[in-house]
Amino acid sequence: SGGGDGGGGGAEGDLVTVGFVAVGPEGAWREANEANIQETFTEDAGYDLRYAPATNLDQQSQIDAFTSFVDEGVDVILLSATEGSGWEASLERAQEAEIPVILIDRGIEPNDDSLYATRIAPDNMVVSESVAEWAVSAFPEGANYFVLEGPAGVSVVNERNEGFQSVIGEDDAFVSLGAQTANWSTEEARSVMETVLQANDNDVQFVFAQNDEMGLGAVQAVEAAGLTPGVDVQIATIDGTRPALEALAAGQLSFVAEYNPLFGETALEAVETVLDGGEVDSYIIVPSETFDSPEAAETALPDRQF
Amino acid sequence: MTATTTRERLGALASTPLVWGLVAIVVLLAINSLRDPGYLGVELAESGRLTGNPIDILRTAAPLLMIALGMTLVVATGGIDLSVGSAMVIGGAVSMEMLQAGDGSVGSAMAALGMALLITAVLGAINGLLVAFVGLQPFITTLVTMLAGRGLAKVITEGQNTSASNEAFRWIANGTVLGAPVVFLIALAILVIVVVLVRTTALGMLIESIGIDPKASRMAGIDRRSLLVAVYVISGVLGGVAGVFATGSVMTVDVSNTGLLLELDAILAVVVGGTALTGGRFSLAGAAIGALLIATLDKTVVFLGVSSAATPAFKAVVIVALCLLQSATIRERLSRVRLRAPRREVTA
Amino acid sequence: MTTTIEHAQAAPTPPWHRRAIERARRRGIDVRTLPTGAAGIILAVMLVYGEIAYGQVLQASTLSNLLINNAHFVILAVGLSFVILAGGIDLSVGAVIAVSSVAGVMLVGAGWPTPLAIAAMIGIGTAFGTASGVLVQHFGVQPFIATLAMMFLARGLASMLSTTPQRLPDDSSFRLLGEPWKLIDGPRVNDLMASAGLVVAVVVVVVAAIVLQRTRFGRTVYAIGGSESSAALMGLRVPRTKLAIYVISGTLAGVAAVVYTARLGTAQNITGMGWELTAIAAVVIGGTLLTGGYGYVVGSVIGALVLGLMTVLITRDGGVPPEMTTIITGGILFVFVMLQRAVVRRRR
Amino acid sequence: MAMEPRPPIVEMRGITIEFPGVKALDGVDLRLLPGEVHTLMGENGAGKSTLIKALTGVYRFQEGELIVAGEPVRLDGTASAQAAGISTVYQEVNLCENLSIGENVMLGQEPRTRLGIDWRRLHALASEALEALGLGDLDTRQSLSTLSLAVQQLVAISRAIVANAKVLILDEPTSSLDANEVARLFAVMRDLRDRGVAILFVSHFLEQVYEISDRLTVLRNGRHEGEFAIDEIDRSALISLMIGKDADTLDAIAQKREAAPREVDAEPLLRARGIARRGAIVPTDLELHAGEVLGFAGLLGSGRTELARLLYGADRLDAGTIELHGRPVALTSPAAALRHRIVFSSENRRDEGIIRDLTVRENVVLAVQAKRGWLRRIATSQQRTLVDDCIARFDVRPAQPERRIGTLSGGNQQKVLLGRWLATDPEIVILDEPTRGIDVGAKADIQAAVLELASRGVAVIFISSELDEVVRLSDRIVVLKDHAVIATLENGPDVTSETIVARIADADAQEEAA
Ligand SMILES: Nc1ncnc2c1ncn2[C@@H]1O[C@H](COP(=O)(O)OP(=O)(O)OP(=O)(O)O)[C@@H](O)[C@H]1O
Ligand SMILES: Nc1ncnc2c1ncn2[C@@H]1O[C@H](COP(=O)(O)OP(=O)(O)OP(=O)(O)O)[C@@H](O)[C@H]1O
Ligand SMILES: [Mg+2]
Ligand SMILES: [Mg+2]
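Chains as they are written, first to last, in the working numbering: chain L, 80 to 385; chain F, 2 to 349; chain X, 40 to 387; chain A, 225 to 738.
I should point out that these hints are in silico values taken from the structure, not numbers from a laboratory. For clarity, every value in this text was computed on a predicted model and none was experimentally measured. Just so you know, not all the hints are guaranteed correct.
[What the hints assert, rightly or not] Below, a sample of chain A positions facing chain F; criterion: calculated Cβ distance under 10 Å:
1. Arg414
2. Tyr536
3. Ala554
4. Pro558
5. Arg596
6. Ile602
[What the hints assert, rightly or not] Some chain X residues flagged as far from chain F (calculated, every beta-carbon gap over 12 Å):
7. Ile91
8. Gly94
9. Leu215
10. Trp220
11. Arg227
12. Met312
No residue lacks a Cβ here, since even glycine has one placed at the ideal position from N, Cα and C.
Between the sequences and the hints, there should be enough to build the whole structure, so can you do that?
The structure is reproduced here in structure tokens:
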């Protein structure tokens, strides 16, 4: 397989050229994840990392970047796809060019693991199941719940819905009040939640926000409606960014499931193994924690990196 | 010569786009009230502030109303400002950063607001200078500043979603005075200020003039360039104000999402309000109603529980229905004159 | 008594204006082609700069991929050129691609033969284009709003069809359309390639250029862009043409959906978000005036390639900090239009 | 001249069109016979253009019927009128500036081969059509925007010639043409008439009407006042029928010639030295004194408009200086010129004059407001005074200040524009074809206004294609040819339009000789 002298970038001497097809600015989680990778693959560590974020989260621009890395002949490609599907042709071409590809975070669909070296990611399904499991235990009598989603059709949204529903959907005590997109945004989540509370005469016990930002928006809407978050309405979020843990510590959020972004080291090891011709597992799951109490949040906060 | 008949008066009324915006708002509110008769109710919550759907609608409409006003002026000159969403996020980013660094006092709130306005004014000025003096097309100019502006916001917050706390600020964004949300009152105040600025001076007429016919306006001795710069600066500043209050409501700036695609909503509001995108005659009140309509529509979608997937289609249906009602074809039914001249839509 | 003051510089032969006209004729430069020409030159400069700065740009694989990956985009830009040349705008194309491709793939999945599915996909594009056209032409809705509504509608319908990615069966003959053909098998992946999609794009460009330059319909498009009222008074078939341009743009969006779907093998409701703006930017970069009347299809092709190349160059550079990406994209776009402006100014 | 009775090719009966607030046509009849030139007469705003637009499918009429070649027809749009063989040149030039001259001539009637439009033949045909109007040397591949308005009007006319129509409608085609061009146009019209084309003609020049018409229809206030063979009605009867006033009063003003040359300051108010612009004006000197009327005379495209534009800062100078009151000034823009109390009324009222969607009032106050800056809005009462003055002075009809100016008739728009410029209290007034499309009565008003301005010490530059008018009003006359001033004449009894034409011909001869 491809050695370190793949003819890439030219002037960088014996640095290993890594093409990073990234997502770019999306939210705090992505920020932490990509910064972590950029900080890991440094020149000191022997790498020349080419960072190529998508424009407007558009898959087309990622494919363009990917193709360009293949044409240029980088040594290895890290692919952090915005969308899981539609990558076959590109990956096949990378294979033909003997450039190993490592998937970061998002997997591909259909999951043909012969097309890439490995996938390193936390598991969305597992993380969202953990939210649902917590809910089941927190509301033994069941609850009226509402889901704040990301944009309809994005695969994270689909996966987080699927994981969540696989548990909650089984439990008849939970009554869905519906789901609405708030486009990952605090403001929109606040606005949506306000209306949801109005429409249901404040009879909402549980909100599942698919990211921290929306969860924080929900907190504000609940407060604005004169209710107490954490008491009248319990809110659970996914990601585990610092503001969310602070809110958890303050009792505003009730549950935060981490979706661990810090796996640059793991990626580095995988890249080294692959370039040396070694074998790696086709899926390296990054362990993620959950925080279900203010105390847990307090403990984690001091060395929270994102 | 002719006495105005009821029919003519009806026709004139029907040809005021503003009226149809109002009708649409009423219809949407009625639909919501059908679902829940208490929809329009406003209550005094324990916390001592008023809550209720109408209040929420007004608060949601406020930032949109502000940018729609600036957009109206820009559109009237025959231009377009795609960068207002970015002006919002810049305004939000600057104010949140300043507040975070500040001491939570009213003074630091003022400083944050001032700084946000200053920077967004500069952004607007850049647009204006490029359009007026370099002669770039407004669409492409503001597309560039839209892209670069959001980037700038990210640079300002170093990519973080900065939060801050400042009571004065929070009150402005969330508080109510006599039942009405403060933000909305501010938006109304801005509406009044802009209307006064534009209509008690000659600004409005001159803007319309350059929008209708730049060449003839130049020959009439109008200094088109400084007017253009002024209008884009106004739009930028209003974008900044809107951004400050939009982020103020949650006290967090979301650099990727604040103001995203809001320029489209603003343009929609402007057009619903009866200002043609080809420039010329404009109606600020119309734009305000347009903004209210869009806020109502957004709220209705959630209230009725329309699924995320179907939301855009639902909006489309409402917009199309409204456009058809405003269309000349319907209007012709109501008024007697049937002109088959190549016509331009003109607003009163 | 008549006093006559003879002027010293009187009556030069031949007169200035005739000389100036002759000079222009000798040079054979039509000022109307300058912006497009400038775009072409700058594209060439970008290619050379890329090669010098990063290497591996002027090579078979990079260039063929530039064409293949942007084929659908070229088609889209060509469709928009018709609309923009006539002074309209079509914001719905991105969303139309989404609904058309999701529907198409689902039809293939349901067992429809490929040609039929393709026809359906194009038909969906045509239907949306027709709807926009009718709104604009018959009901006098402003193009921006009519097509914005269609954008919402198309996006909504796409989401209602499916919010999960739809995949073409592995054995579907649809995929063949997207398979790259290796014309010259170079070392490693440095091949000269083409694809059916690229061929479609080339055909579309050629046909569009012929239609615009050599048919009455095409000239009517330009005439409407120059002055709609004049075109109408000259007895040109304005209503029909205005309808037709939206139909063309919608249809070509359908075609683009076919090309894109075949290449990707999957379809999704969120495909094509924001593509309308990029396509408009491509058209404008290619030298077409957004107000209509001036521009060429070739320009739109160049514009699409410029934007594609920009992505490649940013990727090649690889050192762009995340918060700077949009600034840099905006910056490059800005430098581009400024350069173009400078070239055009100088030559005029 | 006895005409054998032929069935009319076009017959309009009882046409009524009402716009909001105005009944533009009230039961009007019109009969057009094949092989005749039929003139539509009437004051500004009488409804001539409206009648024409009803005939060509631009407006739908509320009452009445239209019969073409014996068949009642319903036109929905100009395209169907053209299909019915009716070809029209509207009052305002309607061409596309973004296209080439040739293409404008041939739009909608391009010659085609199997490969689409045959561009070579298109330009050849266009050239041929233009040739008939004396524009054979025009490069049809040039952009239309390079042409002066008058030439654009000829281009529009050539469109109608190419169309090979049965009915040709010309709404004030001669309003900005010089005598030569008018003669050429008339030759073409006669030729078409002899080939059986029915021509509907509108003009405010009585001489032209009597020269070319076979019959005429008179409109007044949107009502049909009668249809006459040309030899049935004499001028004064015609005028009183149109205006409802005694024709003698008009003649009195119209024939009044400025008796003695006015006393003017020795020091010129404006002095231009060597001003030039590439492709427009060769280096030229010019002096303008307070209280004088300086006429610009010349043929079409001789550079009158371009020289005037330089003095107004509408175009930038390439060379030369301009002094006002002995001090050099930089007239870099119309706004700057306006600040120096120079105003310019363009010949192209549609594109460079009116702001069509603004009201009459707004159009009148616009320049005054522009001069004052946006901050100091003119008080509503003062606006009222300004607009009422204008309406009264030039008899603008309908006298509704809040009417959209775009809905006024062409002549009335022109009057409003003059009102705009005079409202700014100017020191130098440049009038480019100010009487374009103005009826006999109003023309006298405008001429009187020019003289009155001069007598108040205002310097007036007066440009008109009607040489008689220039000679009648001017104290001195600058003669231009081929973008250069060839002579400056002191006006006197021995200066007539003939002597000026001779001047220009002389220069031609010299040129030939050289
Ligand atoms: N589109 C319109 N809307 C409203 N009123 C109109 C419109 N067009 C014309 N009018 C009115 O109809 C009347 C007749 O106008 P028209 O243009 O036919 O006059 P005209 O005889 O051609 O005059 P002129 O000699 O000045 O060109 C005028 O009072 C004018 O104001
Ligand atoms: N007969 C012609 N042949 C070629 N070009 C012409 C002709 N007449 C006018 N032009 C063009 O029109 C342009 C405008 O000329 P300008 O406006 O100064 O003319 P003018 O003296 O005002 O006459 P008018 O306005 O009556 O046409 C000139 O630059 C010239 O190129
Ligand atoms: Mg007329
Ligand atoms: Mg002239």
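Hints, verified against the model:
1. Arg414: With a minimum Cβ separation of about 32 Å from chain F (threshold 10 Å), the hint on A:Arg414 is violated.
2. Tyr536: Because about 8 Å separates A:Tyr536 from the closest Cβ in chain F, which is inside the 10 Å limit, the hint holds.
3. Ala554: Violated, about 15 Å.
4. Pro558: holds (5 Å)
5. Arg596: Because about 8 Å separates A:Arg596 from the closest Cβ in chain F, which is inside the 10 Å limit, the hint holds.
6. Ile602: holds (7 Å)
7. Ile91: The claim holds: X:Ile91 sits with its nearest Cβ about 25 Å from chain F, beyond 12 Å.
8. Gly94: X:Gly94 clear of chain F: closest Cβ-Cβ about 27 Å, beyond 12 Å.
9. Leu215: holds (31 Å)
10. Trp220: Since the minimum Cβ distance to chain F is about 36 Å, X:Trp220 lies beyond 12 Å and the statement holds.
11. Arg227: X:Arg227 clear of chain F: closest Cβ-Cβ about 35 Å, beyond 12 Å.
12. Met312: violated (10 Å)
Checked against the numbered hints given earlier, this structure breaks hints 1, 3 and 12; the rest are met.
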